[in-house]
Amino acid sequence: MQVDGQFDFSDESLVIRAAIEGHGLALIWEDVAQSSILEGVVVRVLDDWCQAFSGYHLYYPDRRHPLPAFTAF
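Quick note: the sequence shown uses the UniProt record's numbering, first residue 1, plus one each step.
Treat the hints with care, as some may be off.
As the list claims (entries may be wrong) - Have a look at the derived ranges for each label pair, beta carbon to beta carbon:
| no. | residue 1 | residue 2 | range |
| --- | --- | --- | --- |
| 1 | G40 | F73 | 21 to 31 Å |
| 2 | Y60 | G24 | 33 to 43 Å |
| 3 | L67 | D8 | 33 to 43 Å |
| 4 | W49 | A18 | 14 to 24 Å |
Derived from the structure by calculation, the hints contain no laboratory data.
Yeah, the Cβ is synthetic: ideal placement off N, Cα and C, and Gly gets one too.
Please model the complete structure; the sequences and the hints are all you need to start from.
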């Protein structure tokens, strides 16, 4: 398959709209596309390649005396 270009959106609704109009696949949070999925307008693909979102993780440096702002966070 030859690809001549790409789309870059800042609005998630436009991503779904482009996919519905046949412009390609949309990589988007499932909850954002949930209504379109339930309506059967779009379907999930590549499930083996997209793992479920397990939540956010926080990485921080190991310090003996963390900054007050970090401790408050």
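Here is how each hint holds up against the structure:
| no. | hint | verdict |
| --- | --- | --- |
| 1 | G40 / F73: 21 to 31 Å | 42 Å, violated |
| 2 | Y60 / G24: 33 to 43 Å | 38 Å, holds |
| 3 | L67 / D8: 33 to 43 Å | 36 Å, holds |
| 4 | W49 / A18: 14 to 24 Å | 20 Å, holds |
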